[in-house]
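Peer 1: Take these sequences, add in the hints, and give me the full structure.
Just so you know, the protein sequences line up as chains A and B, in that order.
Residues 1 to 890 in the working numbering are what the first sequence spells out, letter by letter.
Residues 1 to 227 in the working numbering are what the second sequence spells out, letter by letter.
Among these hints, one or two may not hold up.
[Said to hold, decoys possible] So the derived list for chain B, only partly shown, Cβ under 8 Å to chain A, looks like this: (1) HIS51; (2) SER80; (3) VAL103; (4) GLU104.
To be clear, the hints were calculated from the coordinates, so they are not data collected in a lab.
C-beta: ideal position from N, C-alpha, C; glycine also.
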Amino acid sequence: MSQPNIVSKYAKRTVFKNRGRTILTLFGIIIATAMFCVVVSARSSCVDILKSFQDDDYGTWHVQAYSMTSREYQQILKDTRIKRSAYVQEYGYVMAANTSMDEAELKNKLSYQNYDVMVASMSPGFTDLCQINLVKGRMPQNENEAIISLEMYADNRDMIDEEDATSYEFTMVYSRYSNGHKVNNLKEISRDEFGYGEEYLSPLDKKEFRVVGCFVVPDYAKWKNLSFYTVLLGPSEMTAGNAVNAYFELEDPASYVAFSDEYFESTDDCLFNKDYIRMKNSADDSDTIRWIDILTFSAVTIIALLAVMLIYNSFSTSSTDRIRAIGLLKSVGATRRQIRDLMLGEAFYYVIIAVPIGLVIGNISAYILFGALNDLAKEAGFYLLSQEVDLQYRLGLSNTLMPVALSIITIAVAIFVPMYRASQITPIEAVRVNNVFTTKVKRKKSRGLAVRFLGFNSALAIKNFFRYRKRYRATILSVFLSIMMILFTHALVRTIISMFSSSEGVDSNLLTYSYYFGNNSFDASDLSLYYQLADLSSVKDSLIILQSKKEIEVEAEDLTERYRNDYADPNIVYDSQNGEYPVYEDSGRRVTNVTLMFIEDSAFRKICIENGIAPDPYFTYGSKLCLTNNTFYSNTDENLNTVKVFSSIDNPRNVVLRFSEEESETTPKVDIQLTKAISEPFSITGDTASTMQIYMPLSRMSYYGVSYKDVFEFFQFHVSEPDETFTQMKKILEKNLHSSEDLHDSGAYARAYEAVTTMAKILIYGYAALLCLICFLNVIMTIISNVLFRRKEYILLMSIGMSRRTLFHTVILESIICFFESLLLLALFAGSLLILVTMLFDLSVISKRNILFLAVTVFAHFLMITSTTAFGLRHVLTENVIEGVRKEYY
Amino acid sequence: MEILRAEHLTKTYGKDENIVAALDDVSLSIEKGEFVAIIGASGSGKSTLLHLLGGVDRPTSGSVFIDGKDIFKQTDEQLSIFRRREIGLVYQFFNLIPVLTVVENITMPVLLDHRKVNQERLNELLNILSLSERRDFFPNQISGGQQQRVAIGRALINAPTILLADEPTGNLDSKNSQEVVELLKYSNTKYNQTTILITHDENVALQAKRIITIKDGKIQHDEVIRK
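Peer 2: In structure tokens form, the structure reads like this:
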């Protein structure tokens with residue numbers, strides 16, 4: 001019968017007996033493991049997304065060999081390192097007939113070439129390995145079908161279109177230098193002084209094909225050569241003599257360097273799909289992946305550090321509290337190794353209990369989190385990256401093993417020092433240690449003063465705090481870190497939000513249709529179109545605006561000081577069209593450009609009512625009144641500033657509005673009266689953001705003699721389902737023979753930014769909240785273990801006459817002193833941290849809102865410390881006094 | 001036959017002017033099977049002497065030979081193994097491991113040595129110590145006297161060369177004290193167990209065969225009172 005291992009048995013029972021500490025430590029390890037799991041999963045999901053981008057853009061090949069002979073290609077194919085291959089063979093270059101471009105333009109575009117279309121064909125299965133982005137039609141099925149490049153299609157070259165049949169006579173085909181071999185069985189060719197091969201042209205035959213689609217010539221394709229005017233024929237077998245551009249997918253992506261070194265003389269002859277190789281962890285240079293890894297590493301390190309602090313504290317407290325037991329073990333013959341085994345045994349139980357639970361919780365959390373964030377990611381990805389972002393949770397071996405390994409390393413690092421210290425405990429300490437009387441007490445001269453001024457209890461609390469300062473260290477540090485983390489997180493989120501401030505206030509459900517009338521007038525058919533669009537069920541609110549830019553004469557003293565100094569120097573006549581100086585002098589007049597907006601009458605009334613302004617006077621025939629949005633938007637240093645233009649807009653004043661660009665005696669000048677400045681009642685798109693806006697009812701347009709011709713027509717819709725409504729509106733516009741390209745999803749970017757900021761908030765606040773939770777656990781553990789460690793002392797104090805209430809107050813006061821020491825630490829670091837924060841983040845730390853936030857954070861920590869102490873004390877002080885004195889604590 | 005010899009044992013604490021000699025040049029020799037009581041006032045150095053004899057603490061100078069071997073020439077690791085095999089220790093405050101049962105506490109030195117527990121000896125000890133009925137109890141479930149008996153059992157399970165008891169009755173009432181002393185006497189007689197007992201209770205000391213009196217870290221008297 002095998003003997004029970006007394007060390008592991010002791011370890012196991014210690015873990016299960018000290019339930020409070022064990023539960024807190026387990027909880028901390030579970031959180032850390034779950035966080036590791038989510039971070040690692042997020043990293044692999046991000047890499048998957050990048051890989052899918054790369055797949056979409058490039059395909060899955062690893063090495064591209066440029067311009068080789070068919071013989072060379074066949075030779076390389078024998079290499080067993082190759083998993084799959086594909087090629088494009090070049091038939092040659094031709095001069096396209098029927099070009100719509102004039103000769104000079106063509107020459108300029110093609111530089112020095114006499115031919116402008118490249119004809120090539122794909123190998124069978126080419127698209128399995130290489131990505132072709134088809135924008136129209138379908139892929140060619142055989143060599144009699146072809147797809148043409150988007151450039152050819154867009155320039156209407158050769159007048160070819162989908163399903164057109166056309167033919168090229170290959171009157172010229174060129175051969176190219178390739179590794180010293182001759183191509184097309186021509187004579188030997190050599191490189192010129194720049195390393196380029198000479199090209200020889202020879203006649204070939206005629207080829208007919210049918211255009212079946214249009215594609216974007218990919219960036220990776222070296223064969224795209226000069227013009228981008230490419231005809232790519234369907235799959236065909238290799239013809240000897242044609243130059244071949246080959247693509248290889250290797251069994252082991254990491255062998256790409258050795259593979260290319262073997263077959264290609266220089267990097268000019270080949271190209272690596274480096275990002276793809278990198279994403280398979282087979283390349284060591286990367287920017288994108290490096291940044292993701294730095295972010296992952298930072299996130300993991302912070303989690304690990306806080307977890308180490310918690311676990312270290314748990315083991316350290318445990319070994320300190322058990323000096324006597326450990327010393328006893330040593331005195332009855334336990335070796336240092338057995339003591340280390342004891343601690344390792346305890347750690348082992350933490351690992352086998354907490355890590356699997358953490359792993360399960362982490363994976364479930366990642367699954368739920370990624371699912372919840374996926375819609376936001378798609379929204380942001382579509383508008384900001386123009387890519388399909390699919391944040392998918394993937395349960396893989398590496399996603400499982402990595403968090404486990406990280407957790408084990410974290411625990412191992414955390415227990416190293418306590419384990420070493422425990423193994424160094426000498427047996428004599430077992431005899432000497434007494435829970436209450438071992439701590440060194442330094443006699444303080446100030447003690448008498450403290451007693452006199454603060455009373456005995458306060459003095460005792462201060463004395464005890466300094467006496468047990470070492471035990472309070474973890475509490476102080478945890479509170480400090482927790483507060484710092486909350487502040488940093490808050491700053492980071494605010495910074496991210498401010499990065500997208502340009503979209504602030506923009507309605508995310510706004511669709512706009514803008515149309516410049518030019519020589520046409522706004523007429524009944526336009527109005528009919530507007531109502532067709534506005535009548536869609538998803539349209540909640542709509543508006544017609546007819547916008548025109550006009551000049552307005554101003555007096556310098558009417559302008560606000562800031563506007564006058566920073567933006568409108570009347571003494572300098574500058575390029576006002578570029579908005580450098582919006583106020584400028586023109587023929588002795590001081591003028592500024594304004595955006596004049598005639599708003600449909602009912603909408604105008606609504607704006608007035610929403611802003612508490614009586615609308616009727618604005619509709620009176622001959623009225624001079626108009627509304628003003630007295631705001632100038634200035635985009636400086638990537639921050640959007642709003643500056644008031646007129647200093648005294650609340651007092652009605654007359655300004656001259658001019659309705660003609662050219663000054664003459666007959667130029668109509670209208671005296672209007674600026675009245676109330678309103679806050680922008682709706683999001684205005686177009687070029688109105690950087691100028692002051694004046695609003696008038698549409699019905700007054702004719703009174704001012706404003707031509708319907710020189711205006712922009714804006715239809716603006718607030719909708720409930722932007723994506724669906726956008727599609728419906730496009731159909732309506734096309735049906736009415738209006739270009740749907742003028743319909744804009746103006747809220748798209750706002751929605752994308754909203755999605756990004758929401759994601760950032762969820763991830764950053766969630767991350768910080770869990771880290772704070774680990775800090776909280778540490779605080780709770782240290783406070784509770786301190787109270788438990790000193791319970792005999794408390795009971796002895798009660799036995800000699802200290803009332804329960806007084807004791808309670810004394811100990812709580814101790815924890816308050818501890819809390820203030822944390823704040824002191826915070827204050828000491830505050831200066832340098834403030835500089836760091838303002839350097840790293842755009843944070844106005846002094847703002848009222850932030851001070852309130854800081855106060856709430858600090859108060860929450862204060863409550864946590866005092867309530868935890870109170871809870872621990874309540875638990876301890878329920879014991880009978882005499883029983884407590886008698887009881888021998890281990 | 002000499003089983004233990006201490007030569008010029010000195011143990012000092014502190015430095016310079018604060019130096020305190022807990023033990024000052026103590027030499028003694030103990031024969032196998034002897035039952036020795038070391039007595040002295042509080043702070044006289046008797047516990048320090050016991051810890052040095054048991055290899056629990058290291059002396060400032062001097063040597064301890066057990067079975068002719070200088071124990072302090074061993075490394076800490078070797079000394080640990082030596083302690084668990086050759087020394088049995090009983091403390092005033094029992095010093096049991098609270099999460100281990102009576103049997104586990106008793107057999108701990110054997111288990112730490114990765115050896116098989118001699119069930120016969122264990123049962124015999126449990127019978128002698130009257131703990132058969134309490135074998136699976138935890139320390140907090142038994143009385144102080146029983147806890148001290150467990151500590152004695154733990155000290156005897158390995159049949160150590162020397163049993164060292166540091167005021168084993170100091171924390172017990174007179175009835176339990178007498179029982180513990182009887183047990184020590186019994187083991188001394190039955191197993192010819194060399195026993196060194198520290199006490200300041202004269203009645204307890206008088207039950208030993210030899211009494212060594214220590215004062216100010218020095219041996220004042222060394223007297224055999226019974227053969």
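Peer 1: Work down the list of hints and note, for each, if the structure agrees.
Peer 2: Verification of the supplied hints:
{"no.": "1", "hint": "HIS51", "result": "6 Å, holds"}
{"no.": "2", "hint": "SER80", "result": "4 Å, holds"}
{"no.": "3", "hint": "VAL103", "result": "10 Å, violated"}
{"no.": "4", "hint": "GLU104", "result": "7 Å, holds"}
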